[in-house]
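Participant: If you want the building blocks of each chain, they are given just below.
There are 2 protein chains.
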Amino acid sequence: MAGMHTTFAPLQNDTFLRACRRQATDYTPLWLMRQAGRYLPEYKATRAKAGSFMGLATHVEYATEVTLQPLERFPLDAAILFSDILTVPDAMGLGLSFAEGEGPRFAQVVRDEAAVARLAVPDMDTLRYVFDAVTSIRRALNGRVPLIGFSGSPWTLACYMVEGKGSDDYRLVKSLMYARPDLMHRILAVNADAVAAYLNAQIDAGAQAVMVFDSWGGVLADGCFQDFSLAYTKRVLAQLKRTGVDGQDVPRIVFTKGGGIWLPDMKDLDCEVLGLDWTAHLGKARALVGGKPGGPGKALQGNIDPNVLFAPPEQVAAQARAVLDSFGTPHTDRSTTGPTHIFNLGHGISQFTPPEHVAALVETVHQYSRQQRARG
Amino acid sequence: MAGMHTTFAPLQNDTFLRACRRQATDYTPLWLMRQAGRYLPEYKATRAKAGSFMGLATHVEYATEVTLQPLERFPLDAAILFSDILTVPDAMGLGLSFAEGEGPRFAQVVRDEAAVARLAVPDMDTLRYVFDAVTSIRRALNGRVPLIGFSGSPWTLACYMVEGKGSDDYRLVKSLMYARPDLMHRILAVNADAVAAYLNAQIDAGAQAVMVFDSWGGVLADGCFQDFSLAYTKRVLAQLKRTGVDGQDVPRIVFTKGGGIWLPDMKDLDCEVLGLDWTAHLGKARALVGGKPGGPGKALQGNIDPNVLFAPPEQVAAQARAVLDSFGTPHTDRSTTGPTHIFNLGHGISQFTPPEHVAALVETVHQYSRQQRARG
Numbered sequence: 001m002a003g004m005h006t007t008f009a010p011l012q013n014d015t016f017l018r019a020c021r022r023q024a025t026d027y028t029p030l031w032l033m034r035q036a037g038r039y040l041p042e043y044k045a046t047r048a049k050a051g052s053f054m055g056l057a058t059h060v061e062y063a064t065e066v067t068l069q070p071l072e073r074f075p076l077d078a079a080i081l082f083s084d085i086l087t088v089p090d091a092m093g094l095g096l097s098f099a100e101g102e103g104p105r106f107a108q109v110v111r112d113e114a115a116v117a118r119l120a121v122p123d124m125d126t127l128r129y130v131f132d133a134v135t136s137i138r139r140a141l142n143g144r145v146p147l148i149g150f151s152g153s154p155w156t157l158a159c160y161m162v163e164g165k166g167s168d169d170y171r172l173v174k175s176l177m178y179a180r181p182d183l184m185h186r187i188l189a190v191n192a193d194a195v196a197a198y199l200n201a202q203i204d205a206g207a208q209a210v211m212v213f214d215s216w217g218g219v220l221a222d223g224c225f226q227d228f229s230l231a232y233t234k235r236v237l238a239q240l241k242r243t244g245v246d247g248q249d250v251p252r253i254v255f256t257k258g259g260g261i262w263l264p265d266m267k268d269l270d271c272e273v274l275g276l277d278w279t280a281h282l283g284k285a286r287a288l289v290g291g292k293p294g295g296p297g298k299a300l301q302g303n304i305d306p307n308v309l310f311a312p313p314e315q316v317a318a319q320a321r322a323v324l325d326s327f328g329t330p331h332t333d334r335s336t337t338g339p340t341h342i343f344n345l346g347h348g349i350s351q352f353t354p355p356e357h358v359a360a361l362v363e364t365v366h367q368y369s370r371q372q373r374a375r376g
Numbered sequence: 001m002a003g004m005h006t007t008f009a010p011l012q013n014d015t016f017l018r019a020c021r022r023q024a025t026d027y028t029p030l031w032l033m034r035q036a037g038r039y040l041p042e043y044k045a046t047r048a049k050a051g052s053f054m055g056l057a058t059h060v061e062y063a064t065e066v067t068l069q070p071l072e073r074f075p076l077d078a079a080i081l082f083s084d085i086l087t088v089p090d091a092m093g094l095g096l097s098f099a100e101g102e103g104p105r106f107a108q109v110v111r112d113e114a115a116v117a118r119l120a121v122p123d124m125d126t127l128r129y130v131f132d133a134v135t136s137i138r139r140a141l142n143g144r145v146p147l148i149g150f151s152g153s154p155w156t157l158a159c160y161m162v163e164g165k166g167s168d169d170y171r172l173v174k175s176l177m178y179a180r181p182d183l184m185h186r187i188l189a190v191n192a193d194a195v196a197a198y199l200n201a202q203i204d205a206g207a208q209a210v211m212v213f214d215s216w217g218g219v220l221a222d223g224c225f226q227d228f229s230l231a232y233t234k235r236v237l238a239q240l241k242r243t244g245v246d247g248q249d250v251p252r253i254v255f256t257k258g259g260g261i262w263l264p265d266m267k268d269l270d271c272e273v274l275g276l277d278w279t280a281h282l283g284k285a286r287a288l289v290g291g292k293p294g295g296p297g298k299a300l301q302g303n304i305d306p307n308v309l310f311a312p313p314e315q316v317a318a319q320a321r322a323v324l325d326s327f328g329t330p331h332t333d334r335s336t337t338g339p340t341h342i343f344n345l346g347h348g349i350s351q352f353t354p355p356e357h358v359a360a361l362v363e364t365v366h367q368y369s370r371q372q373r374a375r376g
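Chains as they are written, first to last, in full-length UniProt numbering: chain P, 1 to 376; chain E, 1 to 376.
One chain only, chain P, in its complex shape (with noise of 0.2 Å):
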């Protein structure tokens, strides 16, 4: 595998990853969903060069630079791979294409029991131009921050696979779902196995954490989420490697958009770090999953809604820090684990967010978080 035997250098900045594992920080550390992303004129620049999005995704040194473009610009606190969550299924012979001012479209889809069949885990070699991304960006990262591997979820992968785009309705993969659960059952089979070689080989190839995003898990129906979605993402957990290329652990977090509700049934997953969108309040989600120090728990990462950014700074600062206070002061027992928090945004940054309104979220989190931590 690529980077298998590579040396990284040191990790200046540990925030992120001491969060994950329910350690004390300094202060509350951050990252943003999308980071690298059409907001940023620089990103567009590359972008155009590139001449499409899998042009910029399958070209290493593109991705490794958009990668790091949100860095330059502000201290946030982990780099994730630039790529998109369904690399997989097009690795599957689906066909993968971005057309202009649209989402993603498969050429093929799979709705029947003949595509469904010819289903398989795809051979790791098709999705090399990812791995090699990941080590690329991880040297040129050079232990400023750590970097977070991703995929889609099992059930986030099937939504594409059957509807062929985006959906407002899910009518064709939950057609499918009711209608013949067992197809449904093998496609999300293949899809967990697939995802989980996708993550391992992420994580050989330099990873320090990654994370499953399980987009669409919150269209789904209570019981239908349990079997469908979560389960699915129980088979990636289970399968995935706990070491990392420098014989550190690797974090997993788990993000359902719309999963707010179905916490108490996060609660026991085997995970790390649970995501959660702006519908939910951190001190609530905290009491429910975030543990006592000394004791078993989950770190939580979120969850500010996009469009607070569209405000003024002065408004975007006092939103960060009710999010902020939401979580209430993080553990900061050095000498035992506890309930920590990694802020993020409660979904992907829209294109439309003016840069400087990051920047004042960026130095709000991070000085009002010190600030918390210094009252106690």
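It should be emphasised that the hints constitute simulated quantities derived from the structure, not laboratory data.
You may find that some hints are simply not true.
Note that the list lumps identical chains together, so a pair holds whenever it fits in one copy or between two copies.
Distance condition first, Cα-Cα at most 20 Å in a straight line; then the derived DMTMM-like pairs of lysine to aspartate or glutamate [what the hints assert, rightly or not]:
| id | residue 1 | residue 2 |
| --- | --- | --- |
| 1 | Lys-165 | Asp-249 |
| 2 | Lys-284 | Asp-268 |
| 3 | Lys-241 | Asp-333 |
| 4 | Lys-292 | Glu-42 |
| 5 | Lys-284 | Glu-113 |
| 6 | Lys-44 | Asp-268 |
| 7 | Lys-49 | Glu-314 |
| 8 | Lys-284 | Asp-227 |
| 9 | Lys-165 | Glu-363 |
| 10 | Lys-267 | Asp-132 |
| 11 | Lys-44 | Asp-14 |
| 12 | Lys-292 | Asp-246 |
Using the hints provided, position chain E relative to the given structure of chain P.
Facilitator: Leaving out everything else, chain E in the frame of chain P:
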């Protein structure tokens, strides 16, 4: 007011109203959100005669005809006024239209101080077509089942008034909310008073229950939901008439799509029924807000995923039984009140739904809920 002194035929099937009041019923009543709609060929025929959606909604005979159509096909336990949630901002002068194949659109949008200052509670006379439809439908029902009136919630109306149409990300309305909360509160206060006047006029015209559709409450962040949606739903509820034209109490239903996570906040709303979408577990919701026999509590309405209706009738029946089981056997003691359930979808029925699948749903709910009670 239209219908103020009209006498209507006595009610033959009061199962829905009894369940709203948490009174025991022989079976679980059901109706379907958007039950008069495009999935019915007879609706499409009337719609073609009317020329446009608003042509249908503003024409008393057509509105009456389509409201009754689903009752001719299925033994539903309630009728709901055929209208749109956006009639109130239309009456404020914003110019509602429906482009073919698209959603609603307003000619005027409310995005700045001047536009907000111009807003006022509209003269209810401009909405007389709605109240006339209520009276006409009530007469045509001739006591078969009760008639539900409805309105969009203040927040849901504000979303459309600011965005000008549907939205994926609610960027404009949330930008205004975060940047200028004072303006947003002013819009919502006007909306709340307008919605209250609108629902009261529907009650005077003959509506036997009223429902507030907070269709977009679920897109708000925790904290914002309470301040910008729930607070104004409360303002509506506080102003509503409690007695209809027959001297009967008028149950009030509040439905927040995506609001399951905030059920603890809605527990003390001054209304009789809470609607839930499919992400909620009815048994857990019952434990939280359903109350005990003889004690206070709310009836629950919902919550099957409308996409279930694309599966074959056997699967539709199995999923309907699962929803009834998730609520559990309702309260059966006729000498007191207790937890009750009104079966519904978790959202409006899809235009692509096969009507024969709806028949299977209705039959299963009626049969199986009688069996539930017999088993105890």
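Participant: Evaluate each hint against the coordinates.
Facilitator: Here is what the structure says about each hint:
| no. | hint | verdict |
| --- | --- | --- |
| 1 | Lys-165 / Asp-249 | neither (36 Å within a copy, 48 Å between copies) |
| 2 | Lys-284 / Asp-268 | both (16 Å within a copy, 19 Å between copies) |
| 3 | Lys-241 / Asp-333 | neither (29 Å within a copy, 56 Å between copies) |
| 4 | Lys-292 / Glu-42 | neither (43 Å within a copy, 61 Å between copies) |
| 5 | Lys-284 / Glu-113 | neither (43 Å within a copy, 36 Å between copies) |
| 6 | Lys-44 / Asp-268 | neither (41 Å within a copy, 49 Å between copies) |
| 7 | Lys-49 / Glu-314 | neither (36 Å within a copy, 54 Å between copies) |
| 8 | Lys-284 / Asp-227 | between (25 Å within a copy, 18 Å between copies) |
| 9 | Lys-165 / Glu-363 | neither (37 Å within a copy, 35 Å between copies) |
| 10 | Lys-267 / Asp-132 | neither (34 Å within a copy, 53 Å between copies) |
| 11 | Lys-44 / Asp-14 | neither (30 Å within a copy, 62 Å between copies) |
| 12 | Lys-292 / Asp-246 | neither (29 Å within a copy, 58 Å between copies) |
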